[in-house]
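Chain Y is fixed; fit chain L onto it per the hints.
For reference, the chains in residue letters:
Number of protein chains: 2
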Amino acid sequence: MSDLSAIPNRRQRVQSAETGMAVLKGLARLGGRASLTALAVHVDESPAKVHRYLASLMEEGLVAQDAGSQHYHLGAEAIQIGLAAMRQADPIRVAEPSLIRLRESLEVTCFVAVMGNKGPTIVRFEEPGLPVTVNVRVGSVMSMLWSATGRVFLGLLDGSRVRALAQEEWATASADMRAMLDATDPIGQVCEELRQHQCATVRDTYQRGISAVAAPVYDHAGHVCAVLTALGATGGFDPSVDGVIATAVRREAAAASALLGGERFVVVSAP
Amino acid sequence: MSDLSAIPNRRQRVQSAETGMAVLKGLARLGGRASLTALAVHVDESPAKVHRYLASLMEEGLVAQDAGSQHYHLGAEAIQIGLAAMRQADPIRVAEPSLIRLRESLEVTCFVAVMGNKGPTIVRFEEPGLPVTVNVRVGSVMSMLWSATGRVFLGLLDGSRVRALAQEEWATASADMRAMLDATDPIGQVCEELRQHQCATVRDTYQRGISAVAAPVYDHAGHVCAVLTALGATGGFDPSVDGVIATAVRREAAAASALLGGERFVVVSAP
Numbered sequence: 001m002s003d004l005s006a007i008p009n010r011r012q013r014v015q016s017a018e019t020g021m022a023v024l025k026g027l028a029r030l031g032g033r034a035s036l037t038a039l040a041v042h043v044d045e046s047p048a049k050v051h052r053y054l055a056s057l058m059e060e061g062l063v064a065q066d067a068g069s070q071h072y073h074l075g076a077e078a079i080q081i082g083l084a085a086m087r088q089a090d091p092i093r094v095a096e097p098s099l100i101r102l103r104e105s106l107e108v109t110c111f112v113a114v115m116g117n118k119g120p121t122i123v124r125f126e127e128p129g130l131p132v133t134v135n136v137r138v139g140s141v142m143s144m145l146w147s148a149t150g151r152v153f154l155g156l157l158d159g160s161r162v163r164a165l166a167q168e169e170w171a172t173a174s175a176d177m178r179a180m181l182d183a184t185d186p187i188g189q190v191c192e193e194l195r196q197h198q199c200a201t202v203r204d205t206y207q208r209g210i211s212a213v214a215a216p217v218y219d220h221a222g223h224v225c226a227v228l229t230a231l232g233a234t235g236g237f238d239p240s241v242d243g244v245i246a247t248a249v250r251r252e253a254a255a256a257s258a259l260l261g262g263e264r265f266v267v268v269s270a271p
Numbered sequence: 272m273s274d275l276s277a278i279p280n281r282r283q284r285v286q287s288a289e290t291g292m293a294v295l296k297g298l299a300r301l302g303g304r305a306s307l308t309a310l311a312v313h314v315d316e317s318p319a320k321v322h323r324y325l326a327s328l329m330e331e332g333l334v335a336q337d338a339g340s341q342h343y344h345l346g347a348e349a350i351q352i353g354l355a356a357m358r359q360a361d362p363i364r365v366a367e368p369s370l371i372r373l374r375e376s377l378e379v380t381c382f383v384a385v386m387g388n389k390g391p392t393i394v395r396f397e398e399p400g401l402p403v404t405v406n407v408r409v410g411s412v413m414s415m416l417w418s419a420t421g422r423v424f425l426g427l428l429d430g431s432r433v434r435a436l437a438q439e440e441w442a443t444a445s446a447d448m449r450a451m452l453d454a455t456d457p458i459g460q461v462c463e464e465l466r467q468h469q470c471a472t473v474r475d476t477y478q479r480g481i482s483a484v485a486a487p488v489y490d491h492a493g494h495v496c497a498v499l500t501a502l503g504a505t506g507g508f509d510p511s512v513d514g515v516i517a518t519a520v521r522r523e524a525a526a527a528s529a530l531l532g533g534e535r536f537v538v539v540s541a542p
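Those sequence lines, one after another, are chains Y and L. Just so we're aligned, residue 1 is where the first sequence starts under this note's numbering, counting upward by one. Just so we're aligned, residue 272 is where the second sequence starts under this note's numbering, counting upward by one.
Isolated chain Y, as found in the complex (with noise of 0.2 Å):
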């Protein structure tokens, strides 16, 4: 998110801020709260100085601290500051970085969808210098069952709202469709999928001659806020779960997860 080329050099910033914020963030890595010892041993400064920043943390509403236990902890202005980094913090803003390393590394169309009222919803798409022909663009509304990006949505958004969106398909789908699909329980072989893999893979089945591997990109809630999609010519493109594109596109996926403050929700597929 943070565009590094833009941060002036040293002699341009302000060092003591810098170990102010450092503080703070010790704080929030010892878990919010700590003892004076604990967080000058953590940000490795003496406590001394540490008490003079913690000081000023104090002072601007950002730490507090126990009059009993005289621990530190993190104040109401802490909380403030998260609430509104949170509201401000975009899906697809966060997402965009990882579709040009995507596009640049492997060449391949990529894509980031949310879910929309009608459904997997394409909010922004980027093309390869010689793209394959897709008949998906930004707007897009993707199925639920036969596209890898809805079947990320299925498997991973709880609420009854994703399922019946998935069983009106089911209803309304081709014989030809439906064979496509396990006949017993069509969705709930999708939400295996995910569980299994954290990734979702089609094959011929959205668009035949188009091979596709989406990932789920979380919040700091843990709701799959958005979804990230490779897609390239069945044939010359590797679908399979544990492939170098499903792993990039998981760890594309889970980069943008981290800026949203949702990482401790990615969970790492078995290999």
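None of these hints come from the bench; they were simulated from the model. There may be inaccurate statements among the hints.
To be verified - Derived pair list, reagent style DMTMM-like, types lysine to aspartate or glutamate, alpha-carbon separation capped at 25 Å: (1) L:K389 - L:D361; (2) L:K296 - Y:D66; (3) Y:K25 - Y:E45; (4) Y:K118 - Y:E192; (5) L:K389 - L:D337; (6) Y:K25 - L:E440; (7) L:K389 - L:E440; (8) Y:K118 - Y:E45; (9) Y:K118 - Y:D185; (10) Y:K118 - Y:D90; (11) Y:K25 - L:D490; (12) L:K296 - Y:D219; (13) Y:K25 - Y:E263; (14) Y:K25 - L:D337; (15) Y:K118 - Y:D204; (16) Y:K118 - Y:D66; (17) L:K296 - Y:D90; (18) Y:K118 - Y:E193.
Keep in mind it's a predicted model, so treat the numbers as computed, not measured.
Here is chain L on its own, set in the frame of chain Y:
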């Protein structure tokens, strides 16, 4: 929450750390994202100075910059700090000073209750020098329908569980007890009282000779995580919704909510 007396004087603090925190808080106040110009105006510093602090905040991952708009926004570290602050925010701890203030300013018995598995449960209890005799203490589970405390949870907590507890009470209550409530819709009556006044008041319903006033404490997500209650001997204690005690209890519950990041959920009741 912060023990101000423990804050060293300005000489013992770090001015530029405080300025850095002020910039961080300013960005949060502006919704978590802003231009350098807007932020400099908001914190009343020169753009050049604010830019240096933003560079340090970016270095620490608390702030990021959009490559396109060049606007600054709160970064992933700000979310992490907020999440840690919320996880350790303890309604019981933050409500304690409120209990002390209520006891000392009004000389009332007061307590904090949370929703336990058996119902509203008292977790902190404060008594004045000359306490009234009450049949509750720390650990007591209160009635959902006949205690002011229970009524706040019943009126403001979602979920079938609270309603089930109340229905169970109603089903097993004596005719005398039922006579104290609206016979047609006792639960609806309680919910309506809460909507109207953002507090619950009882007179002689839970214990004969005792009146009480209770108000909700909201967490950062808007859930009622605790209830603040003051009680006293009927006659010497004014339980009216716009009385001195109800006003003080609502004010203290709002103060505790603010420390938990929930002040925006506090409804200021009509006078």
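Hint by hint, here is what the structure shows:
1. Straight-line distance between C-alpha atoms of K389 of chain L and D361 of chain L comes to about 20 Å, which keeps the hinted pair within the 25 Å bound.
2. For the given pair, K296 of chain L sits about 23 Å from D66 of chain Y by alpha-carbon distance, which is consistent with the 25 Å threshold.
3. Restraint check for K25 of chain Y and E45 of chain Y: the C-alpha separation of about 14 Å stays at or below 25 Å, so the hint holds.
4. Only pairs whose Cα atoms come within 25 Å are accepted, and K118 of chain Y paired with E192 of chain Y is accepted, the gap being roughly 24 Å.
5. Taken as a hint, the K389 of chain L and D337 of chain L pair is broken in the structure, with Cα atoms around 50 Å apart against an allowance of 25 Å.
6. As the CA atoms of K25 of chain Y and E440 of chain L are separated by approximately 48 Å, the hinted pair breaks the 25 Å bound.
7. At roughly 12 Å between alpha-carbon atoms, K389 of chain L and E440 of chain L fall within 25 Å of each other, so this suggested pair holds.
8. With a CA separation close to 54 Å, the supplied pair K118 of chain Y and E45 of chain Y exceeds the 25 Å bound.
9. Distance hint between K118 of chain Y and D185 of chain Y is fulfilled; the C-alpha atoms sit about 23 Å from each other, no more than 25 Å.
10. For the proposed pair K118 of chain Y and D90 of chain Y, the alpha carbon gap of about 20 Å is at most 25 Å, so the pair holds.
11. Between K25 of chain Y and D490 of chain L, the direct Cα distance comes to roughly 22 Å. Compliance with the 25 Å bound is thereby established for this hinted pair.
12. For the proposed pair K296 of chain L and D219 of chain Y, the alpha carbon gap of about 22 Å is at most 25 Å, so the pair holds.
13. Between K25 of chain Y and E263 of chain Y the alpha-carbon distance is near 16 Å, which keeps this suggested pair within the 25 Å criterion.
14. With a C-alpha separation of about 23 Å, the suggested pairing of K25 of chain Y with D337 of chain L holds against the 25 Å cut-off.
15. For a cut-off of 25 Å, the pair hint linking K118 of chain Y to D204 of chain Y stands: about 23 Å separates their Cα positions.
16. Pair hint K118 of chain Y plus D66 of chain Y does not hold up; C-alpha atoms about 50 Å apart against a cutoff of 25 Å.
17. Simply put, K296 of chain L and D90 of chain Y have alpha-carbon atoms about 20 Å apart, close enough for the 25 Å limit, and the pair holds.
18. At roughly 23 Å between alpha-carbon atoms, K118 of chain Y and E193 of chain Y fall within 25 Å of each other, so this suggested pair holds.
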